[in-house]
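Enquirer: Residues per chain, in single letters:
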Amino acid sequence: MGPCPSCRHDELEWAEVAGTGLVVARCKVQRGVGPPFSDEVPYVIALINLAEGFLFITRALGELSLGERVRLQWAEIQATPWPCAVPDFSPAHSKATRGSKETPL
Amino acid sequence: MGVRSFETAVVAGYAELPVTKRAVADTPELLRRAVSAALEHAQLTRAEVDGLAVAGFTLAPDHAVHIARALGLTVKWLAPQEPGGVGAISACMAAARAIDAGDAEVIVCVGGDSLDSTTLERIMADFSTEVANWLAPIGAHPANVAFALLQDRYMNEFDVSREEIGRVAVLQRANGARNPLALLSDAITMDDYLAAPPVVAPLHLFDCVQPGSGASAVVICQADRAPRPESPRLLAGAELHNLASDLSARTLGWSAFIEPLLGAAGIRRGDLDVLELYDDYPLMVLWQLEELGFCKPGTGARFLREHDLSLEGSPSLNTGGGMLAIGQAGAAGGYVPVVEAIRQLFGDGGARQKTSVEYALASALGMLGYGLPLSVGALIAGRG
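Residue numbers (the working numbering), protein chains in the order written: chain A, 1 to 105; chain B, 1 to 384.
I should point out that these hints are in silico values taken from the structure, not numbers from a laboratory.
It should be emphasised that the depicted structure is a prediction, and the values quoted were computed from it without experimental measurement.
Among the hints, erroneous ones may be present.
To be verified - Which bits of chain B does chain A cover? Going by a derived footprint, with three or more residues having C-beta under 8 Å, they are: (1) 17-25; (2) 142-149; (3) 152-162; (4) 239-250; (5) 354-362.
As the list claims (entries may be wrong) - Derived CB-CB ranges, DEER-like: (6) A:Pro36 / B:Asp246: 26 to 32 Å; (7) A:Pro42 / B:Glu157: 20 to 26 Å; (8) B:Asp191 / A:Asp10: 49 to 55 Å.
Don't be surprised by glycine CBs; every beta carbon is placed ideally from N, CA and C.
Only chain A is shown next, with the shape it has when bound in the complex:
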């Protein structure tokens, strides 16, 4: 991901984050993607300001409001070339699961 965007220090280490943050922006992919994602539309991608202070682009679940607190879960998607678990965020207060009703942006 390159050096630290604020100080340009370039010897970075992996660190665990809490997995919580606030919604900065969201969008809903409905068309214009190829396989395997064309079989999966619609899905939501969100920009999250993580509690540790950086922005993260992720899958998200359900209706998200700007500024809403969200938390990380993991979702299995059938991404090529093999299925894998990817970060997915949902409202911190909800018990929403993938497949619940999504509302339009």
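Got chain A; can you put chain B on it based on the hints?
Expert: Same frame as chain A, but now just chain B:
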């Protein structure tokens, strides 16, 4: 910040192939057709060319020298360029410097791609290491998702509606209706714009360019070498890469160089008759109006509402309809603003020719990183 004024360089000729939905020829052949047409327009021959700048997403396995061979050009100056939106401006800047320095006498700048939907999908999923590692696995690869997120944030931060952003598309499609090269050749109403189906909401169909195949080329040489005395002069250019630290940025780079750039061209902002702004999405046209200093951040839509930027207004915006009408053929996309600026200065605009064009500005952005465009540039040209 890379601002550069030019002394002797003119654009002797140009060509723009129509963007086609289906690939009608391979990439080297498209580039060859564009170069042949540009040289014919310039009234110069292949044998007189001694410099080449080339860009394309689909050149592999070829490199620049292989393209020189495919084009039948023997050159002493060879400059591979980034294929993103700024590549055409970078190519023209490099060529103008080389012409000024005497490194070459006649330089062809060409960009284009033969793209079908499968190839395009593969290029986008493998666009960069960041994209391949972090975005492609979740179905967030370029370009719609990144700009949908930018637009969602912009709309909420500045309380701007879809309708206000849609003014860009309606204006450009009206200009495109006068452009015989337009892939989408009909004008649209605001109702059409608002009723279009969502693609990546908040982006809807008429926010997105039609991908396709094509190529464009310009020929740059010293003023006294150009057969056509009306050849437009390249006055100044600037480019800036990787300025924004992350995708919270409100400044992508134009604001860092626009004042020195106008100064280097020896003009004031109000002297510009036409603005040709890269329009991968309507929001980015507003964004450029703001960063280029025509209005404050967040007020691009209001500026567009309060000023006539049509062909009858001043300045006129995206006179050929931009990529929203013409379509985007890979690396040829970056040539859309450059070629239309030069076309207007030549007076070749036909039904969309603006009267008495003295100065034109072409501006572009390109090459997505982790959710934000990494490269910006602008070029100012004047009547020959």
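Enquirer: Quick check: does the Cβ-Cβ distance between proline 42 of chain A and glutamate 157 of chain B fall within 20 to 26 Å?
Expert: holds, 24 Å
Enquirer: Taking beta carbons only, do three or more residues of the region 142-149 of chain B come closer than 8 Å to chain A?
Expert: Per the Cβ count (4), the hint holds.
Enquirer: Is the coverage entry for the region 17-25 of chain B by chain A consistent with the three-residue Cβ rule at 8 Å?
Expert: violated (count 0)
Enquirer: How about the region 152-162 of chain B: do at least three of its residues have a C-beta closer than 8 Å to a C-beta of chain A?
Expert: It holds: at least three residues are needed, and the region 152-162 of chain B offers 3 whose Cβ sits within less than 8 Å of chain A.
Enquirer: If you check the beta carbons of aspartate 191 of chain B and aspartate 10 of chain A, does the distance land in 49 to 55 Å?
Expert: With a Cβ separation near 52 Å, aspartate 191 of chain B and aspartate 10 of chain A satisfy 49 to 55 Å, so the hint holds.
Enquirer: Are there three or more residues in the region 239-250 of chain B whose C-beta lies within less than 8 Å of some C-beta in chain A?
Expert: holds (count 4)
Enquirer: Should the hint that proline 36 of chain A and aspartate 246 of chain B are 26 to 32 Å apart at their CB atoms be regarded as holding?
Expert: Since the Cβ atoms of proline 36 of chain A and aspartate 246 of chain B sit about 29 Å apart, the hinted range of 26 to 32 Å holds.
Enquirer: Examine the region 354-362 of chain B: at least three residues should have C-beta closer than 8 Å to a C-beta of chain A.
Expert: violated (count 0)
Consistency with the previously given hints fails for numbers 1 and 5, ordered from lowest to highest.
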